[in-house]
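Asker: The chain contents come next:
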Amino acid sequence: MRLLSRYLVLALCVVLVNFFLPRMLPGDPLDFSSGDGLGAAVPLTASARAQLEAYYHLDESTQNQLRSYLSGLLRGDLGLSISRSAPVSDLIVDRLPWTLSLLLVSLVLSAAIGAGIGLAAGWRPGTRRDRWLTSSSGMLSAIPEFLLAIGLLLGGAVGLGWFPLFGGETVFAESRDGLTGILRGGLDIAWHLTLPAATLAIGGVSAFALVTRDATAGLQHQPWLVAARAKGLNERQVAIRHALPNLAFPLTTFFGLRLGGVLGGALVVERVFSIPGLGLLGFQAIGARDYPILQALFLLSSLAVLLVAFLVELVYMRLDPTRRSRQ
Amino acid sequence: MRALTRRQVIGGIAGGPIALPFARVNARNSRQTVPLLRYAGPDSGMPNPFQVSPAGPGGPILVSLIYDTLTWKDESGIIPWLASEWSISEDGIVYTFQIEPGAICHDGAPLTVDDVAFSFTYYSGHPYVWAGSDVVESAIAEGESVRITLKRPYAAFIEDIGGIVPIIPKHVWEAVDDPLTFTGADRSVGSGPYVLAEYNPTEGAYRLTANDLYWRGTPKVAEFRQVTVPPEAVVQATRRGEIDLASSPDASVRDILADDERLSIHESAPLSIVRLAVNTLRAPLDRKEVRQAIAHALDRQLIAESITRGPAIVGSAGVVPPETPWFNPNLTQYAFDPDRARELLAGEQLTINLVADARARDPELMIPMLEDVGITLKVQSVDSPTRIQLLRDGDFQLGFMTHIGVGGDPDYLRRWYAGEETNAFAQGSIFEDEEYMRLGEEQAATLDAAERRDLVFRMQEILAEELPTIVLYHRRFYWIHDPEVFAPLDTWGGLMNGIPFPHNKLALLES
Numbered sequence: 016m017r018l019l020s021r022y023l024v025l026a027l028c029v030v031l032v033n034f035f036l037p038r039m040l041p042g043d044p045l046d047f048s049s050g051d052g053l054g055a056a057v058p059l060t061a062s063a064r065a066q067l068e069a070y071y072h073l074d075e076s077t078q079n080q081l082r083s084y085l086s087g088l089l090r091g092d093l094g095l096s097i098s099r100s101a102p103v104s105d106l107i108v109d110r111l112p113w114t115l116s117l118l119l120v121s122l123v124l125s126a127a128i129g130a131g132i133g134l135a136a137g138w139r140p141g142t143r144r145d146r147w148l149t150s151s152s153g154m155l156s157a158i159p160e161f162l163l164a165i166g167l168l169l170g171g172a173v174g175l176g177w178f179p180l181f182g183g184e185t186v187f188a189e190s191r192d193g194l195t196g197i198l199r200g201g202l203d204i205a206w207h208l209t210l211p212a213a214t215l216a217i218g219g220v221s222a223f224a225l226v227t228r229d230a231t232a233g234l235q236h237q238p239w240l241v242a243a244r245a246k247g248l249n250e251r252q253v254a255i256r257h258a259l260p261n262l263a264f265p266l267t268t269f270f271g272l273r274l275g276g277v278l279g280g281a282l283v284v285e286r287v288f289s290i291p292g293l294g295l296l297g298f299q300a301i302g303a304r305d306y307p308i309l310q311a312l313f314l315l316s317s318l319a320v321l322l323v324a325f326l327v328e329l330v331y332m333r334l335d336p337t338r339r340s341r342q
Numbered sequence: 014m015r016a017l018t019r020r021q022v023i024g025g026i027a028g029g030p031i032a033l034p035f036a037r038v039n040a041r042n043s044r045q046t047v048p049l050l051r052y053a054g055p056d057s058g059m060p061n062p063f064q065v066s067p068a069g070p071g072g073p074i075l076v077s078l079i080y081d082t083l084t085w086k087d088e089s090g091i092i093p094w095l096a097s098e099w100s101i102s103e104d105g106i107v108y109t110f111q112i113e114p115g116a117i118c119h120d121g122a123p124l125t126v127d128d129v130a131f132s133f134t135y136y137s138g139h140p141y142v143w144a145g146s147d148v149v150e151s152a153i154a155e156g157e158s159v160r161i162t163l164k165r166p167y168a169a170f171i172e173d174i175g176g177i178v179p180i181i182p183k184h185v186w187e188a189v190d191d192p193l194t195f196t197g198a199d200r201s202v203g204s205g206p207y208v209l210a211e212y213n214p215t216e217g218a219y220r221l222t223a224n225d226l227y228w229r230g231t232p233k234v235a236e237f238r239q240v241t242v243p244p245e246a247v248v249q250a251t252r253r254g255e256i257d258l259a260s261s262p263d264a265s266v267r268d269i270l271a272d273d274e275r276l277s278i279h280e281s282a283p284l285s286i287v288r289l290a291v292n293t294l295r296a297p298l299d300r301k302e303v304r305q306a307i308a309h310a311l312d313r314q315l316i317a318e319s320i321t322r323g324p325a326i327v328g329s330a331g332v333v334p335p336e337t338p339w340f341n342p343n344l345t346q347y348a349f350d351p352d353r354a355r356e357l358l359a360g361e362q363l364t365i366n367l368v369a370d371a372r373a374r375d376p377e378l379m380i381p382m383l384e385d386v387g388i389t390l391k392v393q394s395v396d397s398p399t400r401i402q403l404l405r406d407g408d409f410q411l412g413f414m415t416h417i418g419v420g421g422d423p424d425y426l427r428r429w430y431a432g433e434e435t436n437a438f439a440q441g442s443i444f445e446d447e448e449y450m451r452l453g454e455e456q457a458a459t460l461d462a463a464e465r466r467d468l469v470f471r472m473q474e475i476l477a478e479e480l481p482t483i484v485l486y487h488r489r490f491y492w493i494h495d496p497e498v499f500a501p502l503d504t505w506g507g508l509m510n511g512i513p514f515p516h517n518k519l520a521l522l523e524s
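Line order of the protein sequences matches chains A and B. One rule links them: number in our numbering = place in the first sequence (from 1) + 15. One rule links them: number in our numbering = place in the second sequence (from 1) + 13.
Wrong hints could be hidden among the right ones.
[Said to hold, decoys possible] Derived Cβ-Cβ restraints for the label pairs, each shown as a range:
1. B:137 with A:40: 31 to 41 angstroms
2. A:68 with B:190: 16 to 26 angstroms
3. A:73 with B:450: 43 to 53 angstroms
By construction, these hints were calculated from the structure, which means they are not laboratory data. A virtual CB, placed ideally from N, CA and C, is assigned to each residue, including glycine.
Just chain B, with the same shape it has in the complex:
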């Protein structure tokens, strides 16, 4: 067994952090109490692990304010949270966590090792969809620690499961057979820094109050409100002072709010990805040269600047975004080069089908670029569920998609193509490459950070060469905020599995 200190964890032994060049700390070191923070966020249903909405990342972030996890992330890497320290067996199967002794639930009951063990056991029958906790074989309380045994070594465990799975109170849930329909008054009792004071399901609004008994100290924001605001009204609502924190994917908000003395814009790390899924089993895209020709034919900088109305962050061919911990900077990239594209196509004229959401504007820009090299792009505009269905059925050649979840632990590179993730953006991941899958399996089981980094970098090299997905660009999110009320915090690799939200609970705590 190896015991890990906080420094080692941040340094990367636990299968996570490598380097932190992108980390930008913007949080003010203020101890002043803020009475109210109003955030424009979505209606995410009842904020507990079983009833929170699985659509969009608003739900798990809200849950993270009410519930605690074993580990957490700050701007520099993974940090201990409910687990003050932990050790991992040499074979990477057994994790032993020491639990903070002072943690208490919102109803006053102490949060113990029994609650931690119970949580992982309960999730095996009632999964928390935001974490793949089915890798857990058993969780047993032993004195002041919890011993979690995995079915197989899993390098992402500390970040992707320990840092995401909410610890629930045993006394609330142990008698609940159907947590999806449980209506008990204590169904949102956690041990996190905020207590759910009120949820208005009709308006999709939440009122959270600071947990005065929080084991890490009273939060500096006394009340946190999350209110559903339509995207079109976000800028006006913040201007009017009705909202203190809101996001926009459009860089033009910087110009719109340039003359506003009260508001500031915080740019998140580029954790959103805009890409083309490629059906590598269908001609002519089963040929690598055609995929590479498409990558060369697209002026991705122009597309990105036109759509985001801001500086372009052209996508890495290896999928992992620049400015994130696992990014391999030494990959084959595909500069805009129509001559090279024509050369790769050797004069062939092709017609390719693209399935895209009806509201996506990128395909319109791609049509003339591809036409220029001899590829006729037929765009099939559909609504989002139809696109996902077509991609799942393999009834496509190219599929346009935009999503987040590419900033955290890189095991998603394996899960997409191994078919282990069944979410919307994993659909259309069609790539059969033995070496790639072997590397994927190996990195998932490798605890040594440097060794794992090499494996992940090699996976990116294969992706960059074979292009089973063509990354167009990465997007930032522009967070409008009142600096007097809130100081954004950029989390290392994004919150949880790469969510670019600045209201990490650390930003709301006193210290």
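The following block holds chain A by itself, in its conformation from the complex:
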């Protein structure tokens, strides 16, 4: 109970910070600049601006705006986007599946590839194979995300023409009714998400590889591994049947920690590949100083991290009786 109340207080602090943070940025949500030289042709007379300020409560005191925001939150109302004239909750519901599918797929890929590399490297720690695998995966993941994204886009989409140049799906494609249509739609989305997911997956491989490598290296002298070898199993069987299941705990913990950050979006990758996820929405909202969208996105990602941390603490309490008694 004490744990829960601590997290509730923390969540309230997060709500307040999320409210004030966008308002601390210089700029005004009614400036409507697209900043590309074509922007800002809107005349926006002083009286029209005053009407819009009143409509979005921007002319009210900060306390009143905060009160409206909090009462809206209690009703589950995230407000109306100023730059898009659409309910923020609708925008998030539209965009969330894109970010989730992109990041979950890339996370699973990173975990699978990273675990394989880490297992292979840590099985014989200190050898040339270990050094080569560890350093090469580290080097690959050290490439800045935007460079990797641009490189893959230039190679896979512009150069070879195997993948689309932009977007999360083919817009106005043929009917997606029926099983064939759904399958075709799924394949189309997978085709669009291949390069962005690959970018994120490559970027995340190294961390999983290092965690797995260290955990694997620590298993080498476990008596049950010696016993498995003594039974006559070859090294491959020992690794896959006996070592890998024992890596599940550190890998799952690490996976869970990364999962908490998923809702933060993949800003750079979504921007480069024009994937209509939360990252791209946030990027556009920052440029437009769209307070309601920014508040909602910050809130969502902060609460996701808090929720995961809360769940991890609950699991630890289950596993560690001393912590449970302290609570």
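Position chain B against the provided structure of chain A, taking the given hints into account.
Answerer: What follows is chain B alone, placed relative to chain A:
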């Protein structure tokens, strides 16, 4: 009351057109039906007057395909549209419009004078941000005509309000108290040549189909799609045949696509302006000589050629771009002349702050040019909203900006400095000159085109002498298109208030 014919309107009595030297008609006189036109345009939100995005000009152009206005513009000037003719009272206060009898809405209901009167009344409570319609006192339907009374004479009314304000169906909106959150299925029902068939808000894509019942005839482009394409992918997407029409501000696309037999490049009139806003209340820029010295010190031709990678269109000191209807060709101009700049500064060494967007490359080129005459330029690179905020607060000396909206009716020259426009590029307009403001007020109320032209030309002379803003150069936009699918049309002074887009709805109509 004076009745205006189409010829008179084009000739300029309604406070608009003067001469048309820049008009370039590229539209093919084709009657062949085009099944599909795919345009790389921005996500502009739900395309109706209240929910369309106010950022960038993509929204109102999209709205113009779905909704009609009282007047419109072709390549030669203002033309009648929903209003077949109109008359103006001698005092310039009352406008009486005759409405086309055959116009019908997308849902089959006739579009009547009641809808026109309702539209202007409704906008007084729920403004359409792309037009300053608050000058309208009342709009009343009288038989087959609509009588619009203004609060004051306004010479730009026919072009800037009559030609921009979308006419909305009364039966859709009369019961709607909050049009920003209205979700009715008919919220994009207009009477324009295209019907909104589908909007994909996630991908920012639109599918518009030709309105077969359109009162001016069925459009020749059967389906118009607008798809959000990132700027970096535009050239590749057009090359691959995924897009038929797209724009680029960079002249190098002409070279990149030179070997492409399918695609052509259309150069728009130079309706984009790159300029420095000057805080004329802050020393040392409160001295005219310093402002003139800066203008002489900058090699604007070199800056323009370096940035646009194309032929330079050095800016007019009077702000109004060359090749546009209101341009005064007889102004003091400031040739690149460092010696003259040093002479004006009389050996003084100055340090001046410039607020600019972080991605603007022009300031880097300006630093050594100004250094050469004794001015140290300190560039404060910020993001666009921060720049606008600093300019609004007057917390700047020079402000770098680039925008459009300088090709249409010239009343913006008054509105910027009168504080009537509160948009991003009007920020930083700090200039107190009684004669200039007097001329501004007078031209805004003058209906006689020749008389108004003289007033606007004099305003440009003052701007050129006083330099409250230093125009660096004007940019064209390069429209990549497939001529088999689309023939661009250069609108007189740009669409609406100077938008250099070639897909004027006339270019999509049969005739």
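Asker: Please go over all the hints and tell whether each is borne out by the structure.
Answerer: Checked hints:
{"no.": "1", "hint": "B:137 with A:40: 31 to 41 angstroms", "result": "33 angstroms, holds"}
{"no.": "2", "hint": "A:68 with B:190: 16 to 26 angstroms", "result": "19 angstroms, holds"}
{"no.": "3", "hint": "A:73 with B:450: 43 to 53 angstroms", "result": "29 angstroms, violated"}
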